[in-house]
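Spelled out, the chains give:
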Amino acid sequence: MKISDVFKEMSLEVKTFKDGVQREVTGGYVSDLLSDVLAHAQEGNIWITLQTHQNIVAIASTKGLAGIIIVGGREPQQETLEKAESEKITILTSPLSAFEIAGKIYQLLQ
Amino acid sequence: MPIHQTIEGSFQLIGGNFSNAGDASIELKQKLTELGFNADIVRKAAIVTFEAEMNVIIYAAAGWLRYYITPEQLKIIVEDMGPGIEDIDLAMQDGYSTAPEWVREMGWGAGMGLPNMKKNSDVFKIDSVVGEGTTVEMIMYIQ
Ligand SMILES: Nc1ncnc2c1ncn2[C@@H]1O[C@H](COP(=O)(O)OP(=O)(O)O)[C@@H](O)[C@H]1O
Ligand SMILES: [Mg+2]
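Residue numbers (our numbering), protein chains in the order written: chain A, 1 to 110; chain B, 1 to 143.
So that you can see chain A by itself, here it is in the shape it has in the complex:
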């Protein structure tokens, strides 16, 4: 599954590094605790969170994540957008909740 496959199913807006939507997604991880994501997310995962500050980009980068979906209609901060663009990290936003997004992606991955 690719991030682009998720679009067909639900409303997502790509905020940074559009090319990344073609990347293969190995699974997902849902957490707002950054130490938890550092310890447990796996390479190629899509990360679902409500955090919007710039440290999420470095986390995604060092973990080799496929992208970040910021949920609940929250908007990433300006520094987050700039950093993500330069680090080639795809950030998406959605008005939906983490539960709804995760449920759909889980289904798509089955």
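Pairwise CB distance ranges, derived in the manner of DEER restraints:
| hint | chain 1 | residue 1 | chain 2 | residue 2 | range |
| --- | --- | --- | --- | --- | --- |
| 1 | A | GLU43 | B | GLN73 | 19 to 29 angstroms |
| 2 | B | ILE7 | A | GLU87 | 16 to 26 angstroms |
| 3 | A | GLU13 | B | TYR141 | 37 to 47 angstroms |
Pulled a few chain A residues facing chain B out of the computed Cβ check, cut under 7 angstroms:
| hint | residue |
| --- | --- |
| 4 | ASP32 |
| 5 | LEU33 |
| 6 | LEU34 |
| 7 | SER35 |
| 8 | LEU38 |
| 9 | GLN51 |
| 10 | HIS53 |
| 11 | ASN55 |
| 12 | SER61 |
| 13 | THR62 |
It is worth saying that the hints were derived from the structure and are not from the lab.
Here a beta-carbon is modelled for each residue, glycine too, at the ideal position from N, C-alpha and C.
With chain A fixed as given, assemble chain B with the ligands onto it according to the hints.
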């Protein structure tokens, strides 16, 4: 790529400056990957380095992170000038954190940093003097 001499790097960390958090972790991961280290060591190194960076940024005034890669081991030393840690056993407990509310809202301060640094390294040493600072040394052996 064979390692013939020690490969090292160092990063300065400033308390409260979250903007370059993770830089050391990302650089070290990239170096280890280029050198052909196995994925398990690369993954562990990325975790412990990021957590070590965060502790200086969150709790100390300033500090340095240095890493040394040799054919036998990866060593990471993090030294800071800061408040130090009064009760190291307590600080090492999973879930223990004194992070302020605004840091917790950022998703840091889960009290997982030091325990995860210990868990992911073969040697973990922490030394702290209250009012002066903290030094953490971690070693990972390369089989
Ligand atoms: N470099 C440091 N200087 C001063 N105190 C520290 C330092 N590192 C850790 N601590 C103390 O140890 C506690 C636990 O640290 P850690 O396990 O990394 O969790 P967290 O950073 O999420 O609180 C911190 O909340 C803090 O009180
Ligand atoms: Mg910590």
